[in-house]
Amino acid sequence: MEKRPKPEACSSLSQSKGSLVENSDRISNLPAHIAHHILSFLMMEDIVRLSIVSKWWQELCISIPSLTIDSKQYGLKDFSVFHFQNFLDRWMIQRNEMKMVQFWVRWTFLKWHSQEYRFLTWVHDAVRCNVEVLYLDLLIVLPRTFKMPLCVLHCESLRFLTMHLHGVVLQLPSSTRFTKLQSLSLTSVRVLEEIFVEQILSSCNSLKQLCLDDVKGLNNINIRSSSQNV
Amino acid sequence: MSSSKKSRIVKFKTSDDKTFEVEEAVAVQFETIKSMIDYVCANDCTIPLPNVNAKTLAMVVEWCKKHADERDQLMEVDVDEAPGAVLYDLLVAATYLRVEDLIHRVSQRVSKMVIEIGKLPEEEDVRKTINIKSDFPPQVEEELRKLRRTLGPLSDVLVLFVSSGLLE
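Those protein sequences? They're chains A and E, same order as listed.
Note that the first sequence covers residues 1 to 230 in the UniProt record's numbering.
Note that the second sequence covers residues 1 to 168 in the UniProt record's numbering.
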């Protein structure tokens, strides 16, 4: 039989309403992977706000393995977006090649022609950090075409890729090869090639899951794959 | 927990020197303990938990006894209402025992508090709340304060650049 928790132990919970860290910086005492897990629920902006309190926090924030950026946080004002982008570039430089497990990008690009390189730089940095889960929710105003970055296609570490393109045409380079990709999810995407799905399937050797939702431009889907688990 | 097999008991000694008896069905959820249960039960050992007190262990055990769907209700009552210090103890315990679901749930809760703390208008308030002192050079500190005064809320992002040494 288990010992029942003592009643006074339960009531003392509600008595001692205190701050998160009563007399010491208890978060700083947590193992880094737990502190990182806590931070993984935070938006980039919140994380950055915390990174200014001390060097320890700064190091913790910079080494965070899960990064979420969302342009809605900054409105569409050129000023703040521009500065945020600059900031993120520097952040990535500081991270160097520290492991990045997840990278979530939810971004609106009003001027894709001048912003594409920014995006490519972030993705490239994520790939360099051996990203495993990549989530791209991109609203590209003009042009209505998105070329899959080559570095994503050749990323050795990438296992989960989710793309939400808001109706934009997705173009794959001719030499598509996802090495370790296990799950690919495409939402609100337009494709031009009839053989798009075949192209994907033949290039993903490890694919276990393919989700297509609101994919326009496909009349017939011909599923033939070398991988058994699809 | 009405299995026909006789349930074994795993004994723990908490940091406040209390002996705690836990059913095997619960103890197997402690990843750290899992592999040693057979040995511990056969030899009637008591597992010391130097950084988990009885009160916290009781919470962890209660959480592990619930089915997944009831856990959230339990968390609503016990954890969402719990003060930070209790959450911290729970997090340390869950980490030490490696109860992944609990780590996740408590971390999520703590993250909400951390966001709140981070939103305090002055970084000095943030430091006070988590009881740390700034270890940035004074000139960086000064620059921070100036920027905050002159630029207002929009400066938030900028401030970060300067303070994190990411902006010349």
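Hints were generated in silico from the structure; no laboratory data involved.
The structure displayed is predicted, hence computed values, not measured ones.
Check the hints yourself; a few may be wrong.
Some chain A residues near chain E, calculated using beta-carbon distances under 10 Å [stated by the list, open to error]:
#: 1; residue: 41
#: 2; residue: 46
#: 3; residue: 169
#: 4; residue: 170
#: 5; residue: 175
#: 6; residue: 177
#: 7; residue: 179
#: 8; residue: 180
Some chain E residues well away from chain A (every beta-carbon gap over 12 Å; in silico) [said to hold, decoys possible]:
#: 9; residue: 37
#: 10; residue: 45
#: 11; residue: 84
#: 12; residue: 106
#: 13; residue: 108
#: 14; residue: 124
#: 15; residue: 127
#: 16; residue: 136
Glycine residues also receive a C-beta, built at the ideal position from the N, C-alpha and C atoms.
Confirm or reject the statement that residue 108 of chain E sits farther than 12 Å, beta carbon to beta carbon, from all of chain A. violated (6 Å)
Nearest-CB test (12 Å) between chain A and residue 124 of chain E: Check fails; 9 Å does not lie beyond 12 Å.
May I ask you to check that residue 37 of chain E keeps its beta-carbon over 12 Å from the closest beta-carbon of chain A? holds (15 Å)
Does the claim that residue 136 of chain E lies outside the interface with chain A hold up, using a Cβ gap greater than 12 Å? violated (7 Å)
Taking the closest pair, is the beta carbon of residue 84 of chain E still more than 12 Å from chain A? For residue 84 of chain E, whose nearest Cβ neighbour in chain A is about 3 Å away, the distance does not exceed 12 Å, so it is violated.
Go through the hint on residue 46 of chain A and say holds or violated, using the shortest Cβ distance to chain E against 10 Å. holds (5 Å)
Minimum Cβ-Cβ distance from residue 45 of chain E to chain A exceeds 12 Å: Residue 45 of chain E clear of chain A: closest Cβ-Cβ about 18 Å, beyond 12 Å.
Under 10 Å, Cβ to Cβ, is where residue 169 of chain A needs to be relative to chain E, so tell me if that hint holds or is violated. With Cβ-Cβ at 33 Å, over 10 Å, it is violated.
How about residue 175 of chain A: closest beta carbon in chain E under 10 Å, or not? Violated, because the Cβ-Cβ distance from residue 175 of chain A to chain E comes to roughly 37 Å (cut-off 10 Å).
Given as non-interface: residue 127 of chain E, partner chain A, CB spacing beyond 12 Å: violated (5 Å)
Does the nearest C-beta of chain E fall within a distance shorter than 10 Å of the C-beta of residue 179 of chain A? violated (28 Å)
Exclusion check [residue 106 of chain E not at the chain A interface, CB over 12 Å]: Given a closest Cβ separation of 9 Å, the condition is violated.
Going through the hint list in order, the structure does not satisfy hints 3, 4, 5, 6, 7, 8, 11, 12, 13, 14, 15, 16.
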